Every structure is written in C-alpha cells, then in structure tokens.
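Protein chains in written order, with the working numbering: chain W, 1 to 286; chain Z, 1001 to 1057.
Treat the hints with care, as some may be off.
Claimed, not checked - Covered by chain Z, per the in silico footprint, the following chain W stretches (three or more residues, Cβ under 8 angstroms):
{"hint": "1", "segment": "53 to 61"}
{"hint": "2", "segment": "68 to 82"}
{"hint": "3", "segment": "128 to 139"}
Hint data in this document are derived by calculation from the structure and do not stem from the laboratory. From a predicted model like this one, the values you see are computed outputs, not experimental measurements. Note that CB positions come from ideal geometry on N, CA and C, so glycine has one too.
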Amino acid sequence: MVEICVLYDKVRFEEKALYDKALKMGIKAQIIDAKAITISTDSKKKDFLLGDVILQRSVSHYRGLYLTACLEFLGFSVINKFKVGEICGNKLVTSLVLAKHKIKTPKTTFAFSAESAMEAIGKTGFPLVLKPIVGSWGRGVFPLRDEEVANMIVEMREENDSPLARIYYVQEMVKRPPRDLRCIVVGDRVVAAIYRYSAENEWRTNVARGGKAEPAPITAELEEIALKAAKAVGGGILGVDLMEDSEKGLVVHEVNNTVEFRGAASVSNADIAGAMVEYAISVAKR
Amino acid sequence: MKVECQECGAEIPVPEDAVAGEIVTCPDCGGDFEIASKTGDKVSLKPAETVGEDWGQ
Chain W
1 MVEICVLYDK VRFEEKALYD KALKMGIKAQ IIDAKAITIS TDSKKKDFLL
51 GDVILQRSVS HYRGLYLTAC LEFLGFSVIN KFKVGEICGN KLVTSLVLAK
101 HKIKTPKTTF AFSAESAMEA IGKTGFPLVL KPIVGSWGRG VFPLRDEEVA
151 NMIVEMREEN DSPLARIYYV QEMVKRPPRD LRCIVVGDRV VAAIYRYSAE
201 NEWRTNVARG GKAEPAPITA ELEEIALKAA KAVGGGILGV DLMEDSEKGL
251 VVHEVNNTVE FRGAASVSNA DIAGAMVEYA ISVAKR
Chain Z
1001 MKVECQECGA EIPVPEDAVA GEIVTCPDCG GDFEIASKTG DKVSLKPAET
1051 VGEDWGQ
C-alpha cells in the first residue's frame, strides 16, 4: 500500500487538509517536520521513513527547495520536483519559461543595474510594476506611477543587502478588472479556479493580503492556458495565476510551487485536497 | 485545552484538533508559538520561527 508523507515547517490549513484527507481515504499517511531532517552525502533512502511519495509543503521556499534536492538525491519522489521549484520560485525564470513556451504573459523587462533599470522603466512607461524576483505574498511588489518614486525605489533596492534586490523585474501594468484568477492544477487537470479580489485600499489580490476569493468558471480557454503553463514549468501540483488583460485576454503572471488553497477551498465545491492525494498516489505508483 | 505562554505566563487556548507543527498565538502578549508536541492533555510549545523573506507562494 502506498504511503504518503506531508512535509511541513509550519502546519497550516493546507497541510492539515492533505493529511486528514489521506487518512479519510484510508491511505497510510504521515506528517513530518522538515526542520528536523538532516541528510548527508552518505545517507541512504532506507534510513528515512518518509513513505513512497512526499508532498513538499514547506512555507519557506529555500528550505523546501533544497530539502527537495536532498530527498531526490536519496531517490524519493517529491511533489513538486526540485526543477519545478527552482523555476516557480523565481519570477524572472518563470517569465522566461512562459515566454519560451509561447504562453501569454505580461511584458516584462529585466535589468541588472540601477541605470539600466531606470532605462527599462522609461521604456515600459508608467504605470508599471516593479517586483522582486524572489518573494511571495506580494511582498515588495510596487506599482510605480511616476519617475520620482521609481528613482527612490531603485535607490532603496541598490542599498539592500541582498544581491537579488539588484536584479530588476519591470513589468507592464496589466489593464485588468480589480481581480485575478488562481487556477489549481493537479497533474493534467484544473481542479478549481477562483477570482481573487483585492482588499480595500490594496491593489494586490493575494489572499495573504486580505484578498477575497470567489468561484470562477473553468472555461475551455482558462483550462488550456493553465495546463500549458503548468506543463511548461515541469508539472505537478501548481497554482497558476492569471490576469484578464483587456487587450491580450488571459495572461499568466505567476506559477506557484507550494500552492495555498485555503481561499479556493472556502468557495469551491471541488475536493482539492482529495485530488492532490490521488495525484500523489499515482506518482508513487509510476 | 490551555497552555501557559512562555513569554508572559498568560493562558493560550489550544483547539482540540490542533496538531504538532501548528502555530498558536498568545491572546495577551501576541507571541507566536509552535506546538512542539501534543499528547492527550499535554501540550508543549516552542517559539515559532519569524516570517522569512522567502515565506509563502
């Protein structure tokens, strides 16, 4: 019988839902603290009781990513794969992969110095969005509406200790309704789709920023583009975020590697956790 | 179920269905703690990690 392991560093709604669902389905499951694991170059798979398939659910991106690398080294099947996490955890790499696969995405310019960032900003035109290439929950995502503020933000980024802060991701501001779309892709199907409306006095739609979820119809167009985006980054269990561009139609701006689905689960009738557990079992049986 | 706050000594309510790894917050001082273990009525806490720059999706 297949055994599933949910790896966490902090148990949230999602980790509990996955673990509880597996048990309810009569599947052997365990929930393990990622913070307590150590692996060496001499380690062997048999020394770790982590079941047949691991759902990597660490909230810390780098912890999840590098622990996944170690687990894959030992020969474990991890959802998602290290390579998928590497792409999705970096907005620059994600944009490149989407563009390479001809998936519609907001026009984004990358710059590698303050001077070239200001040049890219000038060419893009205001309003635009400046995003950190690594980071989540909308942190550090700035809408820039004029040159004065743009200069100040770039200056701030130059003074930041992180070398990643000096890689500039300059994106056109998509003309969209005050919402975006989150599609939860599990394997080769879209399990749920929601609209996320931004909270009052907030333009970002992240549920972590108080964004409100509403069910969205899974149209053929939405399904096609979400599955294409998920496949482009390497597949697995993913949250594909899209915007409704008034000119280009649906554009994908992000693919999330450790998808949060609290918002989606609260408004969708779909059994999201159940679909994820079933997918994990199918991966274990491969 | 209740557990004493390691920071201020107030009582932190712990939901019956809480499991190890979940975060509880002290209603008095606002301190966040991770449930280190929970067996029967016994709950032990450890300070929760602070939110990292790379947290979230």
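*asked:* I'd like to know which numbered hints this structure contradicts. Please list them from smallest to largest.
replied: 2
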